[in-house]
Amino acid sequence: MTETTGGPHTAEWAPARVSDSSAEPGLPRELERALRPRRENVVPVDQPLVLISQAQRSGGTLLTRLFDGHPQCHAHPHELHIGDRRPHVWPSLALDEDPEAWFAKMEEERLGLMFEKGRRVIPLKSPGKRPEASHYPFLLPPAFQRQIFLQEIERRSPITSERQILDAYMTSLFNAWLDNQNLRGPEKRWVAAFSPRRAWGEGREKLFELYPDGRLISILRDPLSWFTSAQGRDPEADPEALLGLWKRSAQEMIEAKDRYGDRVFILRFDELVRQTDKTMRALARFLGIDYDPVLATPTFNGYPVGANSSYEVHTTGVLTDPVERHKELLSDEQRKRILGECDELHKQALKVVDTRPASTRSRSASHKKPAQSSSKTTKASSTRSAAKSTSRKRSSSNKR
22 MTETTGGPHT
32 AEWAPARVSD
42 SSAEPGLPRE
52 LERALRPRRE
62 NVVPVDQPLV
72 LISQAQRSGG
82 TLLTRLFDGH
92 PQCHAHPHEL
102 HIGDRRPHVW
112 PSLALDEDPE
122 AWFAKMEEER
132 LGLMFEKGRR
142 VIPLKSPGKR
152 PEASHYPFLL
162 PPAFQRQIFL
172 QEIERRSPIT
182 SERQILDAYM
192 TSLFNAWLDN
202 QNLRGPEKRW
212 VAAFSPRRAW
222 GEGREKLFEL
232 YPDGRLISIL
242 RDPLSWFTSA
252 QGRDPEADPE
262 ALLGLWKRSA
272 QEMIEAKDRY
282 GDRVFILRFD
292 ELVRQTDKTM
302 RALARFLGID
312 YDPVLATPTF
322 NGYPVGANSS
332 YEVHTTGVLT
342 DPVERHKELL
352 SDEQRKRILG
362 ECDELHKQAL
372 KVVDTRPAST
382 RSRSASHKKP
392 AQSSSKTTKA
402 SSTRSAAKST
412 SRKRSSSNKR
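Using the numbering used here, read the sequence shown as starting at 22 and increasing by one per residue.
Because the hints were derived from the structure by calculation, they are not lab data. Certain hints may be false.
In silico lysine-lysine, DSS-like type, Cα no more than 25 Å apart, as pairs [to be verified]: (1) 126 to 268; (2) 268 to 357; (3) 348 to 268; (4) 357 to 368.
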């Protein structure tokens with residue numbers, strides 16, 4: 022069997038020849054027979070990873086759900102939990118280990134729980150709130166995923182890199198997900214996944230070592246808004262520890278942008294929820310994918326979902342009230358402390374954001390020099406102008 026590369030343009034393999042041996046452990050014989058056509062027609066998922074990573078409570082879950090359903094993306098159904106979930110580190114995949122050991126290090130317990138219970142239409146995370154809620158099905162039998170993974174490892178042998186192992190895992194995940202509505206179709210370019218803090222420090226270096234063709238997206242949330250959400254999720258949390266987490270996240274964004282430049286995209290949380298369409302168009306250009314209206318609506322496997330909020334939510338779709346909630350919930354003393362510790366770093370981080378709110382652009386435009394005196398245009402301005410020109414060309418065929 023021909024081995025595939027890890028680039029964004031990968032052809033599907035021909036159907037595999039699957040042994041007629043008895044069913045794998047954990048799969049009844051009848052189910053094994055029913056799933057055989059799926060195993061014989063595996064869609065390889067070798068596309069590079071676009072990782073969404075920053076501190077929790079910044080909009081990572083929302084952004085992943087916005088990528089759900091885009092015909093050129095595979096979107097992970099939950100947070101990416103391969104490796105040690107705390108603190109979200111990459112698994113160590115020694116090439117001389119047994120494939121069973123590789124799978125054990127990457128198997129995501131949360132996906133197994135979702136298979137048993139389904140996925141909530143509206144996540145219930147507000148403290149003390151546990152009312153009844155409806156669920157969407159999530160048909161991913163863990164034993165079947167393991168079976169496809171081992172099959173893929175055998176098919177790709179000899180294994181010479183960790184990337185091959187990760188590609189085999191992603192292939193097993195999206196193919197074992199039996200009701201996956203977006204497995205087939207147009208040529209895929211990316212696997213989109215959210216994993217908080219995974220791309221911090223050494224984790225960021227590991228990301229681009231594993232995926233030199235990958236991308237990193239980070240969401241910068243205003244410290245007042247972020248603190249309100251983080252404290253709402255855990256009222257007993259130490260305020261100093263929370264502020265330290267926000268500062269670490271902002272500093273990591275600055276360092277990522279400085280080191281990896283165009284492979285990193287920094288966006289603002291308030292823009293994501295208030296100007297969803299505009300922000301997702303910018304991300305589509307960044308990733309080189311076609312803009313599709315599905316990018317503006319959060320879904321799970323194509324079905325509408327609600328916000329993963331620290332506070333009570335009753336509707337699906339994008340919520341804007343988290344941006345202003347701090348005005349009602351934070352005391353003057355809290356606001357003073359948060360701004361005193363975070364305001365300067367927040368201003369520094371805003372300088373590396375890849376999109377700016379329209380109000381800021383309007384103010385900047387009103388102070389521009391006349392055209393005849395603009396010969397000393399800065400390099401940054403030239404870059405922005407070129408980007409806008411490219412954007413217009415790319416979007417000409419997608420006008421409403």
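Do the hints match the structure? See the list:
Under the criterion of a C-alpha separation no larger than 25 Å, the hint pairing residue 126 with residue 268 is inconsistent with the structure, at around 30 Å. For the proposed pair residue 268 and residue 357, the alpha carbon gap of about 16 Å is at most 25 Å, so the pair holds. For the given pair, residue 348 sits about 21 Å from residue 268 by alpha-carbon distance, which is consistent with the 25 Å threshold. Between residue 357 and residue 368 the alpha-carbon distance is near 16 Å, which keeps this suggested pair within the 25 Å criterion.
Comparing the model with each numbered hint stated earlier shows that hint 1 is the single one that does not hold.
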